[in-house]
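With the hints as constraints, model all of the structure from the sequences given.
Chains A and B are the protein sequences, given in the same order. Residue 1855 in my numbering is what sits at position 375 of the first sequence, and the numbering runs on without skipping anything. Residue 137 in my numbering is what sits at position 136 of the second sequence, and the numbering runs on without skipping anything.
None of these hints come from the bench; they were simulated from the model. C-beta: ideal position from N, C-alpha, C; glycine also. No false leads were mixed into what you were given.
Facing chain B, a subset of chain A residues (Cβ under 7 Å, in silico):
#1 Ala1588
#2 Pro1590
#3 Glu1592
#4 His1594
#5 Ile1851
#6 His1867
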Amino acid sequence: MDEVIRVRDLWWRYELGQDWALKGIDLTVRRGEFLVIVGPSGAGKSTLCLTLCGMIPHFSRGYYKGEVMIIGRETRKMKLSEITRKVGIVFQDPDTQFVTMSVEDEIAFPLENHGVPRQEMIERVKRTMEITRIIELKDKYPHELSGGQKQRVAIASILALEPEIIILDEPTSDLDPVGKSEVFSMLAELKRAGRTIILVEHNTEEAAKYADRVVMLRDGKIIMEGPPRKVFEEVESIKSAGVYPPQVTELAYTLSTRYGVRGELPITLEECLEWLRELNARIVTPNRLERSPTGVKGESIISLKDVSYSYPDGTAALRDVTLEFARGEFTAIIGQNGSGKTTLVKHIVGLLRPTVGEVRIFGKKTSEMSIKEIATKVGYVYQNPDHQLFCQTVYEECAYGLRNLGLSEPEIRRRVSEILGRVGLQGLEKVDTFLLGKGQRQRLAIASTLVMNPEVIIVDEPTTGQDMSQSTSIMELLASLHREGRTVLIVTHNMHLVAEYAERVVVMQAGRVVLDGDVRTVFSQVEKLREALITPPQITQLGQLLSGDSVTPLTVEEMADMIRLGDA
Amino acid sequence: MSQKTFFTYIKSDSPLVRLHPLPKVALLLAINFVALIIEAPIPFVLLIILIALCFKLLRVPVIGLEKFVIVVIIASQAVLISYLLGSSIPGEHVYITYPWGTYVSEMTLLYAVTMIMRYTTMLLGSTLVLVTTSDRDIVYGAAALKLPYTLGLMMSLAFRTATIFAEDFIKVRDAMILRGASFHEGPLLERAKKYTNVFTSMIVIALRRLMDIAYAIQAKGFGSAPKRTYYREYSLKISDVVITALLIASVLSAYFLRYSMGILAFPGWMPTIQ
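Below, the structure is given as structure tokens:
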């Protein structure tokens, strides 16, 4: 394979940045290669992508040293329009990439820019929509799609161009598990067709299946590079750098350490099954596999009865939903993109009112309550923190709600100080809210809601776009609130977090509740989950495959404790 | 079947929706040009009535447009105050003379009301078109008028950004309400301050969006090919041509009546730049 990208001693500092975002990057990408870039938030992954597609230095101002060669030509000496013919990029946030008002036009837009003849354009748009499963959305307004659908449209608009090199910056961070898997298999198909793929990704389990090579960045430098196995086997190192290894690799690492097994570690589910068989692994089924309750359960405080809701364009988002949430529960609402999860929680906080049916909060109908009244009992953290931060400083942001409650300044200071400590933002009180990084903004959004002390806290996609340590810190915060007796509802696609933290799971599909129960029971409903396009965590799947569906482990530790190797 | 437009969803069989993009863009431009040419109060009253009738006859939905009423009210207040404090329009009676030399006469009041009607006409007329128009209409309409593609794209992005801005506004305002803010209670100054908070956030969101959209447009090869191609094809019907011709004629007539015959001018006074 010949080189399509060569990066030599690349340094980049944003005009207003205090430190170099990239520090002496050396990287070569071969034609047809599937390269995955991993690393914690702020490592320089997105900046590296911008240099590879020529946006840096053509479109961003800053200080540049070194060189980036694309198919033998230095990007600084090429026009940006020349580079876009060879390199397509899908950015992190699909919302910010849409130029037109319909899915079909969005996919056609880059083709029009490149002067593709109309008949060919029609064929390519259709083919791309079929590959990305968005043909039924072709007349929709991209901004009103669910997060996953938006991302598929964003990818489709680049795929239609059929560029030689495709760069994707965390394209699956907001997709459901099946959506993630489909994007990866779509990328694998593109690779088979000879395209070069460069993917920034937090999901190492999918990366392990498809990547030819993994590059790990930290603090603007490449700290590890090689085939996926070589990188992911270094379980402790990559965890310390803030990256989740595949669960099966972590399990194999734990067992290898425990039983003194030597040799290569598996990095995919199939490899792990084979590895365990070779080691004569047996499953020791515990008599009872239960998660000890961590919260205090009480009476029903939220109820939805026969709730249906349709959006102005006629899309039925909720259909006959009947649910009860008890005080002290930790519930995860999961489901395919567009299944109605966010619509459901918006009904609970009063931002949407049911077309049919009723919602009650602490026994009172929401139709008879103002949003402000509901907000004193139910806190809601948006998916995008930018919509929730409107004050100048971190302190003012947290104090805002408390002032509206009429609390005294000393009490406000006390509460703000306490909450900032809990979310790890202490010392940043005077910092401008809009200068915070995404992870910090998300934590501030949570803090500004939590500080009002609501009995129920609802967090929509708490860990989207966050690295391992950030996700863990947010989930630990929610878990600690739950232990204190608060009712917690999260809307998420991250099945690892659901398995690790939630007690109850509500699965939604096409606006209906299709499964509802404790997390282990729900994850054991293999067929129903498949119908709802939900994939349980990798470790759960492994346990089910090994035991013939008789056990449903939720965490790596649980699974490791169930396995005996050899004659042990 | 509903179709997304800049401001709302509209049934695809609505007469304005079915028009070719050319007369739609021509209508948008004509309403605004005519409103800028006219300066007499009575024609504005007639124009506003005509536009209101169009909303009714063309089955243009008004649900969801209430939020624009507040824009009209705020703009009207601003126009009124600016003329009351900063103009010198001669009249038979002078009610107030300010130390800085400007004064208020009965003609000041009439002129201020006329200007309010001008902006209301432009806003209502533009709303009538944009409620039934998508970005595609603007881009293809501009192309049919032989305007540069970049101009059509910029116009469509500006209209779309305005509606996204309105959606962001609602999200941020809801977030504030969820944290106990009330936009309907308290002294006027306090309420105005709350809106300041919303707009601070909005400006930051808008700046981020603008930067991101600029990246996206560049990444999608904007300006890559010497000759741009178009995905859709629209065929002009005779009715589209007739409507466009009538609109052009109405602008030319207004110009002629105003500047050659003085019929549409403000009675008895010609504004001058000082």
